[in-house]
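S.K.: With these hints in hand, go ahead and build the complete structure from the sequences.
Keeping their order, the protein sequence lines are chains A and B. Here the first sequence is numbered in the working numbering, starting from 1 and rising by one per residue. Here the second sequence is numbered in the working numbering, starting from 1 and rising by one per residue.
Please note that a few of the clues may not be correct.
No copy is singled out in the list; a pair is fine if it fits within one copy or between any two copies.
Under the rule of at most 30 Å between Cα atoms (straight-line distance), these lysine-lysine pairs were calculated in the DSBU-like manner [to be verified]:
no., residue 1, residue 2
1, K268, K642
2, K228, K701
3, K268, K43
4, K254, K377
5, K414, K268
6, K364, K36
7, K254, K701
8, K43, K466
9, K642, K254
10, K377, K43
11, K364, K254
12, K36, K12
13, K254, K414
14, K36, K254
If you're looking for bench data, these hints aren't it; they were derived computationally from the structure.
Residue-level listing of the chains:
Protein chains: 2
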Amino acid sequence: MTRPGDLTPMLKPRSIVFVGASDRSTWSSTAYGNLKALGFTGKIHLVSRGGGMAHGQQTLTSCTMIGEPVDVALVMVPVDAVLDILGDIGAAGIGHAVILAGGFAELGGDGARLQDEVLATARRLGIALLGPNCLGFINFNAQVACWTGSMRTPPLAGAIGIVSQSGAVANFMAHFAHQHSVGLSCLVSTGNEPSVDLASVMNYLVDDPDTRVIALFAESVRDPAGFKVTARRALERGKPIVVLKIGRSEITAKAAQSHTGAVVGDDKVFDGVCQQLGLIRVDSIEEMIFTADLMAKVGPLQGSGVGVVSFSGGMCELAADAAHADGVSIPALASDTLGALRAVLPPIATPGNPLDVTGIAVAKPELFEQSLSVLAKDPGVSLLACIFDVPTGASGDWSPTYLAGVNSIGRYMKNSAIPSIMFSNTAKVVSDRSRELIAQAGVSYVPAGTRLGMRAICHAMAWSAKYRRVRPQARSRPAPAPPSPLPRSERQALEYLAGFGVPVIPSVLARSEQEALAAAALMEGSLALKIASPDIAHKSDVGGVLLNVLGTEALTQGFRQIMASAKAAMTHARLEGVLVSPMRREGVELFVGVRLDPQWGHVIAVGLGGVWIEALQDVSLRLLPVTPEDVTEMLVGLRGAKLLGGFRSAPPVDIPALALVVACIGDAALGLGPTLDTLEVNPLLAAAHRIEALDALASYKDCAP
Amino acid sequence: MTRPGDLTPMLKPRSIVFVGASDRSTWSSTAYGNLKALGFTGKIHLVSRGGGMAHGQQTLTSCTMIGEPVDVALVMVPVDAVLDILGDIGAAGIGHAVILAGGFAELGGDGARLQDEVLATARRLGIALLGPNCLGFINFNAQVACWTGSMRTPPLAGAIGIVSQSGAVANFMAHFAHQHSVGLSCLVSTGNEPSVDLASVMNYLVDDPDTRVIALFAESVRDPAGFKVTARRALERGKPIVVLKIGRSEITAKAAQSHTGAVVGDDKVFDGVCQQLGLIRVDSIEEMIFTADLMAKVGPLQGSGVGVVSFSGGMCELAADAAHADGVSIPALASDTLGALRAVLPPIATPGNPLDVTGIAVAKPELFEQSLSVLAKDPGVSLLACIFDVPTGASGDWSPTYLAGVNSIGRYMKNSAIPSIMFSNTAKVVSDRSRELIAQAGVSYVPAGTRLGMRAICHAMAWSAKYRRVRPQARSRPAPAPPSPLPRSERQALEYLAGFGVPVIPSVLARSEQEALAAAALMEGSLALKIASPDIAHKSDVGGVLLNVLGTEALTQGFRQIMASAKAAMTHARLEGVLVSPMRREGVELFVGVRLDPQWGHVIAVGLGGVWIEALQDVSLRLLPVTPEDVTEMLVGLRGAKLLGGFRSAPPVDIPALALVVACIGDAALGLGPTLDTLEVNPLLAAAHRIEALDALASYKDCAP
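M.R.: Quick look at the structure:
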């Protein structure tokens, strides 16, 4: 995919031409009205094939008649006029166009062919396209828009840049943000994305100084490589990305395919991508907007302890339960803090965290300021969350109690030494009047309610931890050529892995009973015997595995049995002999698998073996390469992770050692080159500090197994 | 706990006396204002020790001076005046009092003693108390309140009855409901609950014709028996109960104890209670209000398939993913339905479920009515959910598009043959103007947004399934006397269980090597040997267990070894001999345990054995007795449930047979009487149709093990 160049002229234009301007067109009228509502002060040119007046202004019949440079054309003509119009736009030297019309690739067939033609023409003429099949964009801070959706008023400029593949969803996100007075920097609907896509706009927003948080609605990622690079860059720059991506259900995967022609992709892989790149994946528009709002307000956090204050014991408890559900830490306070709290709290209050300042705060609002100031000094608290509502002025809620409370909290916030937020008891509207009070009192207010407020804090904490750890990525070295021949069989695969520092179980290839006996003499205890053949992938299926073999007689008999079974089952298989290894009994079995994802490339999966992976699909995925740190995160995220911590009498697994081994397996897989289809180490046995690959197998694309 | 009598005079009073009435009292002024705002037409008497005027009305100095019957006294005097005032109220023959003051049991010590005194006095005088330490109540339909909290205006009467142990949380719930125009029947704050508690008010609401759904905020359940009976009655009457209960985190458990003196109880047990009694447990006020609103609007549902309609493909996908996350079924449509949809949809739309009628609906709003009417006839669809927003009139959102859409959906709803709901794209405010439009258009609107809307549907579906299955409970037979002596040892416990129809593994008590050999002769394959002693609970710990014993020599040696080990480890234990049983290898190990919960009585736990229960605490709990149906629900709810379905080559477990056995274990436990502390069957082995208890143990309260 060729990435379009700098999008500033498109998304922050100083001059715009409406192509297809007309008073009779809802698109044209809405877009014109939106520009006026934003207070756009640049030039608006109008072009209409038929000429005449529109929006009280004279139209021209061609872009070439404008006679001065124009940054972007808003193309509002029907689908079958788009190709022609591009010629006119190109002739006028305009480098950016927003195309609203639908009827292209989303319909498949002829529509897709037409889109290809439009794209080819645009490329030839050097025009970058937003859309087709989109609603355009709004740049709130620059007070400019090519937006044919509805727009809430007054427009609220802020720090969140929204990019959405669906125009309607972009609208709903913006309206929800407006209802809660969450200001946006940009709102961009990307539509079919033949030219400007999600990743291009993300890329623009990473560099946009007005945007502190990026929020995405995605049906599919059309340019995974660009997405990855941009997401990584955003993390390094400390700009969080909150993403709402459909595709968790089968229905969605099918629906998206039918209505945008987009491949939704493997949702579990996308989850892995998010975790790896620090993207914050959310489940709803509400969670997205409130999380983005919180993160824009608090910025990156240090530490992980949250102090919570409310004047209702019930809300304190709800907050604590919400924190517990999301794994947010509400630490116990230091004894100094408790002492200092006792000095400011009424006798009926119990100092603690969460802190219930009690209903006495209604009569004594200064309790908020005083107790927040004390909590802010606690060494374990790195974020303060005060639960309190800002009234709206509707339904008789504008009471002195609320005003006094908000002002008291504001007085603390103006001087607060640590990041602090006030969130509402329940998700709450913010009216114009609320907004004035918020500004005057100086509170940093996220009207998310306790449940989603705590969820947002959970996301902010996780993202901040990731951000603190991020290091500029080392330039990837040119990959050495894959080995030739490529390893395939168990023996070859294990030997190859050993070369990458993966500990593998000792094993000796015995081509005869005598060699088997000699091998056994070097090993203690029972043995495992397995057929060695480059042609046999599933050894158990051909009777090619014997476990717990003890004693000379059993060994020689076992050797003969395995060779005979394999021979009988696969007449033409090349039999190299039998692999003799010591039996391992202790330890946790893990599965480590690498596979080639059609969208994202090589993906590594780690899970506990046996029922965990087979019956419960309890695996964690990441894109390769992975660092040992990535792997640790994967292991901790497994549902069965407790088993690694030392179950029953087993000693705990050495997680750093295990993570290093898994990362080495990942590197080894990359070393096998782009044709690698799957590399499985199963099981990887982890017994305290001894991590050992017991079996491995590799397969390649377009190659016989 | 003595349950107070009929609460109608208290919660639906025709006449009220304010005790402590004064213009200077915020309580008095607020409560008086609330009564006026509701349009209360009954008598309000004012009593003030000092006499004079209040709220523009003459006060009396004693309740006894009123001279006519009064239903309820709203007591607004300080904590130390409450006892005296009760005397006056009693003397006036008033049977109900609402006590606002705090300073009682929630402070412990002297406060608790004072509360006991107040309760004793009230009982003696025949006065039922709401509070102390509460905000009172509002009865919206009866237009009456004794409420000292703020109240949003205009008051919105509706079908949801809220009961809350926290006054502040009651306030927040009511305000959130008001913001979304969710009407309430009652709002009751119960406070410290020495007299009227959660269960009493629930009981009132079950019979209240104005209340269709009950919503609870609970810190603790003070009367579990009453709660259970009332919850059961509500289910039988088809009145859903939505409950938000704190206690999921340790912090909460401690905090609640400190601030109300209430025992939060074992949260997992409460989860089990909810599942058993069909209570809908939610995690936030938002989820509570929207769920209650949906259920009040759709009533009990038949079937489980949901049809979803939107004019945005993106929202359809978000709805499908939300449904998937909550296990809501969005079934594929019948071919007749697809055909009929094709006839009404524009060519660019694809018939399906969820159904994207496309943005063309903006120009052709009748698409909503037409496609909803078609979907309503699909045999797999039992609830229709149309996603669309009702404008508010604020921020320029009152567009003809929205009005036309709402009206089109309303036209369908007025004639709809199946339960249907419209929910908003995101959680959305409902203004006075919205409310008018909703009424005029005739839409049934839940402004929950797609995510919480789908969650509400999930709850409604689960509750409806439970309601469809509920049968009036058989009167419990008087329990027969527990056996004497009570079974304790493995042998006794297994024999006792067998008497209740629980299949137990064959075993023979061998008192000598000869008897062991004779027993072995009756069994096939390897044997299990276990010490038999009424004094030894943990047999493995004393070397009292040997598994996989094969052959005469091993058997006699094993017998001697076990007897010697046990003797050496516990010199004074009575050794009856050795239990000889066949070894079982195949099957899934389960754990079935009954224990006495201090709050709820005997609770049964079922889980998969081994790591599942020990490392993952994957258990499901219910109160005894349980039906096989209850147990099936428990088993299906286990995270490891897949293992019962036939993992690898194992045949699937016969779930009905297993459920019956577990229910029998429950009955057997109840047969052991109230002193039973724990009864454990571990493992209960389930191999296809063969379900067998392999080991069991019982212990009792106040008894040596």
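S.K.: All hints, please: hold or fail.
M.R.: Checked hints:
no.: 1; hint: K268 <-> K642; result: both (22 Å within a copy, 20 Å between copies)
no.: 2; hint: K228 <-> K701; result: within (24 Å within a copy, 62 Å between copies)
no.: 3; hint: K268 <-> K43; result: neither (47 Å within a copy, 65 Å between copies)
no.: 4; hint: K254 <-> K377; result: between (53 Å within a copy, 24 Å between copies)
no.: 5; hint: K414 <-> K268; result: neither (43 Å within a copy, 43 Å between copies)
no.: 6; hint: K364 <-> K36; result: between (47 Å within a copy, 28 Å between copies)
no.: 7; hint: K254 <-> K701; result: within (26 Å within a copy, 59 Å between copies)
no.: 8; hint: K43 <-> K466; result: neither (44 Å within a copy, 64 Å between copies)
no.: 9; hint: K642 <-> K254; result: between (36 Å within a copy, 26 Å between copies)
no.: 10; hint: K377 <-> K43; result: neither (53 Å within a copy, 54 Å between copies)
no.: 11; hint: K364 <-> K254; result: between (58 Å within a copy, 26 Å between copies)
no.: 12; hint: K36 <-> K12; result: within (15 Å within a copy, 55 Å between copies)
no.: 13; hint: K254 <-> K414; result: neither (51 Å within a copy, 33 Å between copies)
no.: 14; hint: K36 <-> K254; result: neither (41 Å within a copy, 57 Å between copies)
When the structure is compared with the earlier hints, violations turn up for hints 3, 5, 8, 10, 13, 14 and for no others.
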